[in-house]
Amino acid sequence: MLSTIKHQKIELILLGLLPIIVLLTRLSYFDKPLDDDSAANAYGGRLILQGEPLYSSYHPGHHLPLIYYINALAFSLWGDNPWAIRFFLALWLIPAAYLFYYLARTFADRKTSWIALFLFLLLTSDYVMEGHTAEIELFANLPRIASIFLLLIFQSRNTKDWQYVWIGLIGAVCILFKAVYVSALGVTGLILLIQFWAEQDKKDGFHRLIRRAVWMGLGLLMGLLPVVIYFGTLGLLPRLSLVFTLGQDHVNSTGVNPLFLFLYPLSGLAIANLPLLTLGLAGALLMPFDKTLPRLTKYIILLWFVLSFIEAGISYNAFWHYYLLIIPPLSLLAAWFIMQPLRLAQGNPKLKWAGWAIPALFLLTIGATYLFVNSGYLYHYARYKTGQETYRDFVLKSWPPTGPMFVALQDIAVYIQSHSQPDDRIYIWSEETQLYFLANRRCAVDFIWPMFLENPNIPGGPAELQQQLFAPTTKFIIIAQDNPPVWLTRGLTKDYRLVETIAGRAIYQRNH
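Under the numbering used here, think of the first position of the sequence shown as -3, with each following residue one higher.
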(Lines of atoms letter the chains of each structure in order from A and count residues from 1; the text may use other names and numbers.)
(Lines give C-alpha, C1' and ligand atoms only; values in the text may rest on other atoms or scores of the structure.)
Protein backbone atom coordinates (compact mmCIF):
# COMPACT_ATOMS: atom_id res chain seq x y z
CA MET A 1 0.00 0.00 0.00
CA LEU A 2 2.77 2.42 0.96
CA SER A 3 4.67 1.52 -2.20
CA THR A 4 1.58 2.25 -4.31
CA ILE A 5 1.12 5.65 -2.67
CA LYS A 6 4.80 6.43 -3.24
CA HIS A 7 4.53 5.52 -6.92
CA GLN A 8 1.40 7.65 -7.27
CA LYS A 9 3.20 10.63 -5.75
CA ILE A 10 6.15 10.18 -8.12
CA GLU A 11 3.73 9.93 -11.03
CA LEU A 12 1.98 13.16 -10.01
CA ILE A 13 5.31 14.99 -9.68
CA LEU A 14 6.46 13.82 -13.11
CA LEU A 15 3.11 14.73 -14.66
CA GLY A 16 3.39 18.16 -13.08
CA LEU A 17 6.84 18.58 -14.60
CA LEU A 18 5.77 17.29 -18.02
CA PRO A 19 5.11 20.75 -19.56
CA ILE A 20 8.65 21.79 -18.64
CA ILE A 21 10.07 18.56 -20.07
CA VAL A 22 8.21 19.09 -23.36
CA LEU A 23 9.39 22.70 -23.61
CA LEU A 24 12.98 21.60 -22.99
CA THR A 25 12.80 19.13 -25.89
CA ARG A 26 11.78 22.01 -28.20
CA LEU A 27 13.97 24.76 -26.76
CA SER A 28 16.99 24.30 -29.03
CA TYR A 29 14.82 24.84 -32.12
CA PHE A 30 13.32 28.19 -31.13
CA ASP A 31 16.24 30.04 -32.75
CA LYS A 32 16.31 27.98 -35.93
CA PRO A 33 15.00 29.37 -39.25
CA LEU A 34 11.88 27.74 -40.65
CA ASP A 35 12.27 25.04 -43.28
CA ASP A 36 10.54 25.31 -46.65
CA ASP A 37 7.29 23.55 -45.72
CA SER A 38 6.93 25.26 -42.34
CA ALA A 39 7.67 28.65 -43.92
CA ALA A 40 5.09 28.00 -46.65
CA ASN A 41 2.55 27.29 -43.90
CA ALA A 42 3.61 30.47 -42.11
CA TYR A 43 3.30 32.45 -45.35
CA GLY A 44 -0.29 31.27 -45.68
CA GLY A 45 -0.98 32.16 -42.04
CA ARG A 46 0.41 35.66 -42.61
CA LEU A 47 -1.92 36.24 -45.57
CA ILE A 48 -4.91 35.01 -43.56
CA LEU A 49 -4.17 37.64 -40.91
CA GLN A 50 -4.02 40.23 -43.68
CA GLY A 51 -7.61 39.37 -44.58
CA GLU A 52 -6.95 36.94 -47.42
CA PRO A 53 -8.62 33.55 -46.80
CA LEU A 54 -6.73 30.45 -47.79
CA TYR A 55 -7.32 29.32 -51.40
CA SER A 56 -7.96 32.92 -52.50
CA SER A 57 -4.69 34.74 -53.18
CA TYR A 58 -2.65 31.74 -52.03
CA HIS A 59 -3.35 28.10 -52.82
CA PRO A 60 -1.21 25.55 -50.91
CA GLY A 61 -1.61 22.79 -53.47
CA HIS A 62 -2.54 19.43 -51.94
CA HIS A 63 -2.97 20.64 -48.34
CA LEU A 64 -6.20 21.18 -46.43
CA PRO A 65 -6.57 24.37 -44.37
CA LEU A 66 -6.09 23.63 -40.66
CA ILE A 67 -2.31 24.11 -40.39
CA TYR A 68 -2.51 27.54 -42.05
CA TYR A 69 -5.13 28.80 -39.63
CA ILE A 70 -3.05 27.45 -36.74
CA ASN A 71 -0.14 29.54 -38.01
CA ALA A 72 -2.44 32.56 -38.26
CA LEU A 73 -3.56 31.99 -34.66
CA ALA A 74 0.04 31.74 -33.44
CA PHE A 75 0.97 34.98 -35.21
CA SER A 76 -2.08 36.76 -33.82
CA LEU A 77 -0.97 35.78 -30.30
CA TRP A 78 2.77 36.41 -30.43
CA GLY A 79 3.55 38.32 -33.60
CA ASP A 80 4.61 37.48 -37.14
CA ASN A 81 7.85 35.61 -36.51
CA PRO A 82 9.16 32.01 -36.50
CA TRP A 83 9.35 31.98 -32.71
CA ALA A 84 5.57 32.32 -32.47
CA ILE A 85 4.77 29.14 -34.35
CA ARG A 86 7.58 27.20 -32.64
CA PHE A 87 6.31 28.25 -29.21
CA PHE A 88 2.75 27.40 -30.24
CA LEU A 89 3.93 23.95 -31.35
CA ALA A 90 5.67 23.39 -28.01
CA LEU A 91 2.43 24.25 -26.19
CA TRP A 92 0.49 22.02 -28.62
CA LEU A 93 2.75 19.07 -27.78
CA ILE A 94 2.01 19.35 -24.06
CA PRO A 95 -1.55 17.95 -24.30
CA ALA A 96 -0.25 15.47 -26.88
CA ALA A 97 2.27 14.22 -24.31
CA TYR A 98 -0.36 13.91 -21.57
CA LEU A 99 -2.77 12.07 -23.86
CA PHE A 100 -0.01 9.76 -25.05
CA TYR A 101 0.96 8.87 -21.48
CA TYR A 102 -2.62 8.09 -20.51
CA LEU A 103 -3.08 6.17 -23.76
CA ALA A 104 -0.18 3.94 -22.71
CA ARG A 105 -1.64 3.62 -19.20
CA THR A 106 -4.82 2.08 -20.62
CA PHE A 107 -2.91 -1.17 -21.15
CA ALA A 108 0.54 -0.80 -19.54
CA ASP A 109 2.03 -0.07 -16.12
CA ARG A 110 3.60 3.24 -15.11
CA LYS A 111 7.16 2.25 -16.01
CA THR A 112 6.21 1.15 -19.51
CA SER A 113 4.10 4.27 -20.04
CA TRP A 114 6.90 6.61 -18.98
CA ILE A 115 9.35 4.81 -21.26
CA ALA A 116 6.89 5.10 -24.15
CA LEU A 117 6.48 8.83 -23.47
CA PHE A 118 10.26 9.28 -23.25
CA LEU A 119 10.71 7.59 -26.63
CA PHE A 120 7.88 9.61 -28.17
CA LEU A 121 9.33 12.94 -27.03
CA LEU A 122 12.87 11.90 -27.96
CA LEU A 123 12.11 10.97 -31.55
CA THR A 124 9.62 13.80 -32.01
CA SER A 125 12.50 16.20 -31.36
CA ASP A 126 15.01 14.27 -33.48
CA TYR A 127 16.73 16.43 -36.10
CA VAL A 128 16.95 13.69 -38.72
CA MET A 129 13.20 13.08 -38.37
CA GLU A 130 12.75 16.83 -38.96
CA GLY A 131 11.52 17.28 -35.43
CA HIS A 132 13.19 20.69 -35.62
CA THR A 133 10.48 21.91 -37.99
CA ALA A 134 6.89 23.08 -37.52
CA GLU A 135 5.64 20.50 -40.03
CA ILE A 136 2.02 19.39 -40.22
CA GLU A 137 2.81 15.93 -38.82
CA LEU A 138 3.96 17.37 -35.49
CA PHE A 139 0.55 19.00 -35.06
CA ALA A 140 -1.49 16.13 -36.48
CA ASN A 141 -0.20 13.63 -33.91
CA LEU A 142 -2.33 15.26 -31.19
CA PRO A 143 -5.75 14.40 -32.68
CA ARG A 144 -4.43 11.04 -33.91
CA ILE A 145 -3.36 10.13 -30.37
CA ALA A 146 -6.65 11.43 -28.96
CA SER A 147 -8.69 9.22 -31.31
CA ILE A 148 -6.80 6.04 -30.42
CA PHE A 149 -6.95 6.94 -26.71
CA LEU A 150 -10.74 7.22 -26.91
CA LEU A 151 -10.99 3.95 -28.83
CA LEU A 152 -8.96 2.12 -26.17
CA ILE A 153 -11.19 3.55 -23.45
CA PHE A 154 -14.32 2.53 -25.34
CA GLN A 155 -13.09 -1.09 -25.52
CA SER A 156 -12.56 -1.26 -21.76
CA ARG A 157 -16.06 -0.21 -20.71
CA ASN A 158 -19.69 -0.42 -21.74
CA THR A 159 -19.74 2.46 -24.22
CA LYS A 160 -22.94 3.99 -25.53
CA ASP A 161 -23.20 4.03 -29.30
CA TRP A 162 -23.53 7.82 -29.55
CA GLN A 163 -20.10 8.34 -27.96
CA TYR A 164 -18.48 7.25 -31.22
CA VAL A 165 -19.42 10.68 -32.52
CA TRP A 166 -16.27 11.94 -30.76
CA ILE A 167 -13.99 9.66 -32.74
CA GLY A 168 -15.62 10.90 -35.94
CA LEU A 169 -15.25 14.53 -34.86
CA ILE A 170 -11.58 14.12 -33.94
CA GLY A 171 -11.07 12.17 -37.17
CA ALA A 172 -12.35 15.23 -39.04
CA VAL A 173 -9.65 17.31 -37.34
CA CYS A 174 -7.03 14.85 -38.59
CA ILE A 175 -8.40 15.08 -42.14
CA LEU A 176 -8.34 18.88 -42.02
CA PHE A 177 -4.56 18.62 -41.68
CA LYS A 178 -4.26 16.22 -44.63
CA ALA A 179 -6.90 14.17 -46.39
CA VAL A 180 -4.85 10.97 -45.97
CA TYR A 181 -4.73 11.18 -42.16
CA VAL A 182 -7.41 8.55 -41.65
CA SER A 183 -5.54 5.89 -39.67
CA ALA A 184 -7.58 6.49 -36.50
CA LEU A 185 -10.84 6.24 -38.43
CA GLY A 186 -9.52 3.16 -40.21
CA VAL A 187 -8.55 1.46 -36.95
CA THR A 188 -11.95 2.23 -35.45
CA GLY A 189 -13.76 0.84 -38.48
CA LEU A 190 -11.73 -2.36 -38.42
CA ILE A 191 -12.27 -2.81 -34.68
CA LEU A 192 -16.02 -2.39 -35.14
CA LEU A 193 -15.92 -5.11 -37.80
CA ILE A 194 -13.88 -7.41 -35.54
CA GLN A 195 -16.38 -6.87 -32.71
CA PHE A 196 -19.25 -7.67 -35.04
CA TRP A 197 -17.54 -10.85 -36.23
CA ALA A 198 -17.08 -12.00 -32.63
CA GLU A 199 -20.75 -11.42 -31.71
CA GLN A 200 -22.86 -14.48 -31.04
CA ASP A 201 -26.02 -12.65 -32.03
CA LYS A 202 -25.13 -11.44 -35.53
CA LYS A 203 -28.36 -9.50 -35.97
CA ASP A 204 -27.88 -7.49 -32.78
CA GLY A 205 -24.17 -7.09 -33.55
CA PHE A 206 -24.92 -5.81 -37.04
CA HIS A 207 -27.36 -3.22 -35.69
CA ARG A 208 -24.75 -2.07 -33.17
CA LEU A 209 -22.13 -1.84 -35.91
CA ILE A 210 -24.41 0.32 -38.06
CA ARG A 211 -25.40 2.60 -35.16
CA ARG A 212 -21.80 3.23 -34.16
CA ALA A 213 -20.71 3.76 -37.76
CA VAL A 214 -23.55 6.26 -38.26
CA TRP A 215 -22.60 8.17 -35.12
CA MET A 216 -18.98 8.21 -36.19
CA GLY A 217 -20.01 9.45 -39.63
CA LEU A 218 -22.13 12.15 -38.01
CA GLY A 219 -19.12 13.31 -36.00
CA LEU A 220 -17.05 13.38 -39.18
CA LEU A 221 -19.74 15.46 -40.87
CA MET A 222 -19.92 17.84 -37.89
CA GLY A 223 -16.21 18.53 -38.24
CA LEU A 224 -16.01 18.89 -42.01
CA LEU A 225 -19.30 20.56 -42.94
CA PRO A 226 -18.57 23.94 -41.27
CA VAL A 227 -15.33 24.15 -43.26
CA VAL A 228 -17.15 23.39 -46.51
CA ILE A 229 -19.81 25.99 -45.69
CA TYR A 230 -17.18 28.61 -44.79
CA PHE A 231 -15.26 28.29 -48.04
CA GLY A 232 -18.50 27.89 -49.96
CA THR A 233 -19.82 31.24 -48.72
CA LEU A 234 -16.56 32.82 -49.88
CA GLY A 235 -16.96 31.28 -53.32
CA LEU A 236 -13.79 29.25 -52.82
CA LEU A 237 -15.26 25.74 -52.86
CA PRO A 238 -13.90 24.91 -56.35
CA ARG A 239 -10.46 26.06 -55.18
CA LEU A 240 -10.77 23.92 -52.05
CA SER A 241 -11.80 20.85 -54.07
CA LEU A 242 -8.70 21.34 -56.23
CA VAL A 243 -6.73 20.06 -53.20
CA PHE A 244 -7.85 16.50 -53.94
CA THR A 245 -6.92 16.66 -57.62
CA LEU A 246 -3.47 18.01 -56.83
CA GLY A 247 -3.10 15.52 -53.99
CA GLN A 248 -3.73 12.66 -56.38
CA ASP A 249 -1.14 14.16 -58.75
CA HIS A 250 1.31 14.28 -55.84
CA VAL A 251 0.76 10.60 -55.03
CA ASN A 252 1.03 9.55 -58.68
CA SER A 253 4.10 11.66 -59.46
CA THR A 254 6.76 9.21 -58.26
CA GLY A 255 5.88 5.99 -60.06
CA VAL A 256 8.03 3.87 -57.71
CA ASN A 257 7.42 0.27 -56.67
CA PRO A 258 4.56 -0.10 -54.13
CA LEU A 259 7.03 -1.75 -51.74
CA PHE A 260 8.42 1.72 -51.06
CA LEU A 261 5.22 2.43 -49.17
CA PHE A 262 6.97 0.65 -46.30
CA LEU A 263 10.63 0.76 -47.37
CA TYR A 264 10.92 4.55 -47.32
CA PRO A 265 9.56 4.90 -43.76
CA LEU A 266 11.61 1.94 -42.54
CA SER A 267 14.82 3.36 -43.98
CA GLY A 268 14.14 6.81 -42.55
CA LEU A 269 13.43 5.48 -39.08
CA ALA A 270 16.49 3.22 -39.26
CA ILE A 271 18.76 6.14 -40.08
CA ALA A 272 17.26 8.24 -37.29
CA ASN A 273 17.38 5.57 -34.57
CA LEU A 274 17.94 1.96 -35.61
CA PRO A 275 17.80 0.55 -32.04
CA LEU A 276 14.39 2.12 -31.43
CA LEU A 277 13.04 0.87 -34.75
CA THR A 278 14.38 -2.64 -34.08
CA LEU A 279 12.79 -2.78 -30.63
CA GLY A 280 9.51 -1.44 -31.99
CA LEU A 281 9.40 -4.06 -34.74
CA ALA A 282 10.23 -6.76 -32.20
CA GLY A 283 7.34 -5.51 -30.09
CA ALA A 284 5.01 -5.64 -33.09
CA LEU A 285 6.00 -9.26 -33.75
CA LEU A 286 5.70 -10.46 -30.15
CA MET A 287 2.80 -8.44 -28.72
CA PRO A 288 0.17 -10.69 -30.38
CA PHE A 289 1.41 -13.56 -28.19
CA ASP A 290 1.00 -11.61 -24.91
CA LYS A 291 -1.99 -13.28 -23.25
CA THR A 292 -2.11 -10.68 -20.46
CA LEU A 293 -3.27 -7.95 -22.85
CA PRO A 294 -6.88 -7.70 -24.02
CA ARG A 295 -7.33 -8.99 -27.55
CA LEU A 296 -8.84 -5.77 -28.91
CA THR A 297 -6.12 -3.65 -27.30
CA LYS A 298 -3.48 -5.60 -29.19
CA TYR A 299 -5.44 -5.21 -32.41
CA ILE A 300 -5.78 -1.46 -31.92
CA ILE A 301 -2.06 -0.86 -31.32
CA LEU A 302 -0.91 -3.13 -34.14
CA LEU A 303 -3.45 -1.82 -36.66
CA TRP A 304 -2.49 1.75 -35.78
CA PHE A 305 1.16 0.86 -36.35
CA VAL A 306 0.51 -0.64 -39.79
CA LEU A 307 -1.89 2.08 -40.94
CA SER A 308 0.55 4.76 -39.77
CA PHE A 309 3.12 3.33 -42.17
CA ILE A 310 0.57 3.64 -44.96
CA GLU A 311 -0.20 7.25 -43.98
CA ALA A 312 3.49 8.08 -43.89
CA GLY A 313 4.42 6.32 -47.11
CA ILE A 314 1.35 6.90 -49.28
CA SER A 315 3.08 9.59 -51.39
CA TYR A 316 6.01 7.24 -52.15
CA ASN A 317 8.39 10.12 -51.37
CA ALA A 318 11.32 9.98 -48.97
CA PHE A 319 10.18 12.93 -46.85
CA TRP A 320 11.47 12.44 -43.34
CA HIS A 321 8.80 14.45 -41.56
CA TYR A 322 6.11 12.08 -42.87
CA TYR A 323 7.56 9.37 -40.63
CA LEU A 324 6.75 11.42 -37.52
CA LEU A 325 3.29 9.86 -37.84
CA ILE A 326 4.73 6.43 -37.02
CA ILE A 327 6.43 7.54 -33.81
CA PRO A 328 3.44 7.18 -31.40
CA PRO A 329 2.63 3.50 -32.09
CA LEU A 330 6.33 2.68 -32.59
CA SER A 331 7.14 4.13 -29.16
CA LEU A 332 4.36 2.10 -27.54
CA LEU A 333 5.56 -1.15 -29.09
CA ALA A 334 9.22 -0.45 -28.29
CA ALA A 335 8.41 0.40 -24.66
CA TRP A 336 6.33 -2.76 -24.29
CA PHE A 337 9.21 -4.87 -25.63
CA ILE A 338 11.84 -3.08 -23.52
CA MET A 339 9.96 -4.00 -20.34
CA GLN A 340 9.53 -7.69 -21.19
CA PRO A 341 12.81 -8.81 -19.53
CA LEU A 342 11.71 -7.18 -16.27
CA ARG A 343 8.34 -8.94 -16.38
CA LEU A 344 9.95 -12.30 -17.16
CA ALA A 345 12.41 -11.86 -14.28
CA GLN A 346 9.72 -11.12 -11.68
CA GLY A 347 9.12 -14.81 -11.05
CA ASN A 348 12.82 -15.60 -10.58
CA PRO A 349 14.84 -13.56 -8.03
CA LYS A 350 18.10 -14.80 -9.57
CA LEU A 351 17.25 -13.00 -12.81
CA LYS A 352 16.19 -9.74 -11.17
CA TRP A 353 19.46 -8.00 -12.07
CA ALA A 354 19.09 -9.01 -15.71
CA GLY A 355 15.48 -7.84 -15.67
CA TRP A 356 16.69 -4.32 -14.91
CA ALA A 357 19.99 -4.41 -16.80
CA ILE A 358 18.56 -5.35 -20.20
CA PRO A 359 15.94 -2.53 -20.33
CA ALA A 360 18.60 -0.10 -19.11
CA LEU A 361 20.93 -1.24 -21.89
CA PHE A 362 18.16 -0.82 -24.47
CA LEU A 363 17.42 2.72 -23.29
CA LEU A 364 21.10 3.66 -23.16
CA THR A 365 21.54 2.44 -26.73
CA ILE A 366 18.56 4.49 -27.92
CA GLY A 367 19.76 7.56 -26.03
CA ALA A 368 23.32 7.21 -27.29
CA THR A 369 22.06 6.92 -30.87
CA TYR A 370 19.99 10.07 -30.42
CA LEU A 371 22.98 11.98 -29.07
CA PHE A 372 25.23 10.73 -31.86
CA VAL A 373 22.76 11.76 -34.58
CA ASN A 374 21.91 15.12 -33.01
CA SER A 375 25.29 15.98 -31.47
CA GLY A 376 26.39 18.31 -34.27
CA TYR A 377 23.34 20.50 -33.98
CA LEU A 378 23.33 20.51 -30.17
CA TYR A 379 27.06 21.34 -30.08
CA HIS A 380 26.70 24.42 -32.27
CA TYR A 381 23.52 25.46 -30.48
CA ALA A 382 25.39 25.40 -27.15
CA ARG A 383 28.23 27.43 -28.65
CA TYR A 384 25.77 29.97 -30.04
CA LYS A 385 23.89 30.37 -26.75
CA THR A 386 27.15 30.79 -24.84
CA GLY A 387 28.41 33.48 -27.22
CA GLN A 388 31.12 31.37 -28.86
CA GLU A 389 29.44 31.49 -32.28
CA THR A 390 27.47 34.12 -34.13
CA TYR A 391 23.92 33.37 -35.18
CA ARG A 392 25.07 33.16 -38.78
CA ASP A 393 27.74 30.58 -37.93
CA PHE A 394 25.23 28.61 -35.87
CA VAL A 395 22.81 28.43 -38.81
CA LEU A 396 25.62 27.63 -41.25
CA LYS A 397 27.36 24.92 -39.24
CA SER A 398 24.68 23.29 -37.11
CA TRP A 399 23.39 21.10 -39.92
CA PRO A 400 25.74 21.13 -42.95
CA PRO A 401 23.29 19.75 -45.57
CA THR A 402 20.92 22.72 -45.20
CA GLY A 403 22.86 25.36 -43.25
CA PRO A 404 24.37 27.11 -46.31
CA MET A 405 20.92 27.24 -47.91
CA PHE A 406 19.39 28.96 -44.87
CA VAL A 407 22.18 31.55 -44.81
CA ALA A 408 21.88 32.18 -48.56
CA LEU A 409 18.12 32.74 -48.31
CA GLN A 410 18.57 35.15 -45.41
CA ASP A 411 21.08 37.13 -47.49
CA ILE A 412 18.73 37.14 -50.50
CA ALA A 413 15.86 38.29 -48.27
CA VAL A 414 17.95 41.21 -47.02
CA TYR A 415 18.85 42.15 -50.60
CA ILE A 416 15.22 42.04 -51.74
CA GLN A 417 13.96 44.08 -48.80
CA SER A 418 16.55 46.79 -49.43
CA HIS A 419 15.83 46.97 -53.17
CA SER A 420 12.03 46.72 -53.28
CA GLN A 421 8.81 48.08 -51.82
CA PRO A 422 6.37 46.02 -49.70
CA ASP A 423 3.90 45.88 -52.62
CA ASP A 424 6.47 44.42 -55.02
CA ARG A 425 6.20 40.73 -55.77
CA ILE A 426 8.90 38.10 -56.15
CA TYR A 427 9.29 34.52 -57.31
CA ILE A 428 11.93 31.89 -56.62
CA TRP A 429 12.30 28.96 -59.00
CA SER A 430 13.06 26.26 -56.44
CA GLU A 431 11.48 24.66 -53.41
CA GLU A 432 13.24 27.15 -51.12
CA THR A 433 9.89 28.79 -50.48
CA GLN A 434 10.90 30.20 -47.10
CA LEU A 435 12.15 33.21 -49.06
CA TYR A 436 8.61 34.63 -49.25
CA PHE A 437 8.33 34.52 -45.47
CA LEU A 438 11.86 35.79 -44.83
CA ALA A 439 11.65 38.67 -47.31
CA ASN A 440 8.05 39.50 -46.34
CA ARG A 441 7.13 39.81 -50.00
CA ARG A 442 4.18 38.32 -51.85
CA CYS A 443 4.68 35.50 -54.33
CA ALA A 444 4.02 36.57 -57.92
CA VAL A 445 1.53 33.71 -58.40
CA ASP A 446 -0.91 32.02 -56.03
CA PHE A 447 0.84 28.62 -56.27
CA ILE A 448 4.29 29.05 -54.73
CA TRP A 449 5.71 25.61 -55.59
CA PRO A 450 7.38 25.44 -59.04
CA MET A 451 5.79 22.11 -59.97
CA PHE A 452 2.39 23.79 -60.21
CA LEU A 453 3.53 26.21 -62.92
CA GLU A 454 3.64 23.27 -65.31
CA ASN A 455 0.65 21.29 -63.96
CA PRO A 456 -2.19 21.00 -66.52
CA ASN A 457 -4.80 20.53 -63.76
CA ILE A 458 -4.37 24.09 -62.49
CA PRO A 459 -7.40 26.23 -63.51
CA GLY A 460 -6.44 28.27 -66.56
CA GLY A 461 -3.54 25.93 -67.25
CA PRO A 462 0.20 26.55 -66.98
CA ALA A 463 0.11 29.34 -69.58
CA GLU A 464 -2.06 31.55 -67.36
CA LEU A 465 0.19 31.08 -64.32
CA GLN A 466 3.29 31.72 -66.38
CA GLN A 467 1.73 34.93 -67.68
CA GLN A 468 1.01 36.03 -64.10
CA LEU A 469 4.60 35.30 -63.17
CA PHE A 470 5.94 37.88 -65.62
CA ALA A 471 3.42 40.60 -64.67
CA PRO A 472 4.86 44.12 -64.16
CA THR A 473 4.38 43.79 -60.38
CA THR A 474 6.96 40.97 -60.23
CA LYS A 475 10.14 42.86 -59.46
CA PHE A 476 12.50 39.96 -58.72
CA ILE A 477 12.75 36.40 -59.99
CA ILE A 478 15.38 34.19 -58.38
CA ILE A 479 16.69 31.10 -60.13
CA ALA A 480 17.94 28.65 -57.51
CA GLN A 481 17.82 25.43 -59.55
CA ASP A 482 19.88 24.39 -62.53
CA ASN A 483 18.34 24.00 -65.98
CA PRO A 484 15.22 26.18 -65.68
CA PRO A 485 12.57 25.49 -68.36
CA VAL A 486 12.75 27.22 -71.73
CA TRP A 487 9.64 29.35 -71.14
CA LEU A 488 11.17 30.74 -67.93
CA THR A 489 14.52 31.52 -69.56
CA ARG A 490 12.75 33.20 -72.47
CA GLY A 491 10.69 35.42 -70.15
CA LEU A 492 13.75 36.43 -68.15
CA THR A 493 15.65 37.33 -71.31
CA LYS A 494 12.78 39.50 -72.51
CA ASP A 495 11.89 41.53 -69.39
CA TYR A 496 14.56 40.97 -66.73
CA ARG A 497 18.26 41.49 -66.15
CA LEU A 498 20.70 39.70 -63.85
CA VAL A 499 21.59 42.04 -60.97
CA GLU A 500 23.16 39.77 -58.34
CA THR A 501 24.21 36.22 -57.59
CA ILE A 502 24.20 35.01 -53.99
CA ALA A 503 25.48 31.52 -53.18
CA GLY A 504 24.81 30.36 -56.72
CA ARG A 505 21.28 31.77 -56.79
CA ALA A 506 20.77 34.23 -59.64
CA ILE A 507 18.63 37.28 -58.87
CA TYR A 508 16.88 38.87 -61.84
CA GLN A 509 15.27 42.31 -61.61
CA ARG A 510 12.56 43.56 -63.93
CA ASN A 511 13.63 46.17 -66.47
CA HIS A 512 12.14 49.62 -65.94
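No wet-lab data here; the hints were simulated from the structure.
Check before you lean on any hint, since a few could be wrong.
Only pairs whose alpha carbons sit at most 25 Å apart, straight line, appear in this in silico SDA-like list of lysine to any residue [said to hold, decoys possible]:
1. K294 x K393
2. K107 x K393
3. K107 x S152
4. K5 x I17
5. K287 x S237
6. K107 x T274
7. K393 x F368
8. K381 x P400
9. K107 x P337
10. K156 x F227
11. K287 x I17
The hints, checked one at a time:
Pair hint K294 plus K393 does not hold up; C-alpha atoms about 45 Å apart against a cutoff of 25 Å. Between K107 and K393 the alpha-carbon distance is near 38 Å, which puts this suggested pair outside the 25 Å criterion. Distance restraint check for K107 and S152: the Cα-Cα separation of roughly 21 Å lies within the 25 Å cut-off, and the hinted pair is therefore satisfied. Taking the CA atoms of K5 and I17, the gap is near 18 Å; set against the 25 Å cutoff, the hint holds.
Taking the CA atoms of K287 and S237, the gap is near 47 Å; set against the 25 Å cutoff, the hint is violated. About 20 Å separates the Cα atoms of K107 and T274, which keeps this hinted pair within 25 Å; it holds. A hinted pair counts as satisfied when its Cα atoms are at most 25 Å apart, and K393 with F368 qualifies at roughly 16 Å. For the hint linking K381 to P400, the alpha-carbon distance of about 20 Å falls within 25 Å, and the restraint holds.
Distance check on the hinted pair: K107 and P337 sit about 13 Å apart at the alpha-carbon level, within 25 Å; holds. As the CA atoms of K156 and F227 are separated by approximately 34 Å, the hinted pair breaks the 25 Å bound. Distance check on the hinted pair: K287 and I17 sit about 34 Å apart at the alpha-carbon level, beyond 25 Å; violated.
The earlier numbered hints that this structure contradicts are 1, 2, 5, 10, 11.
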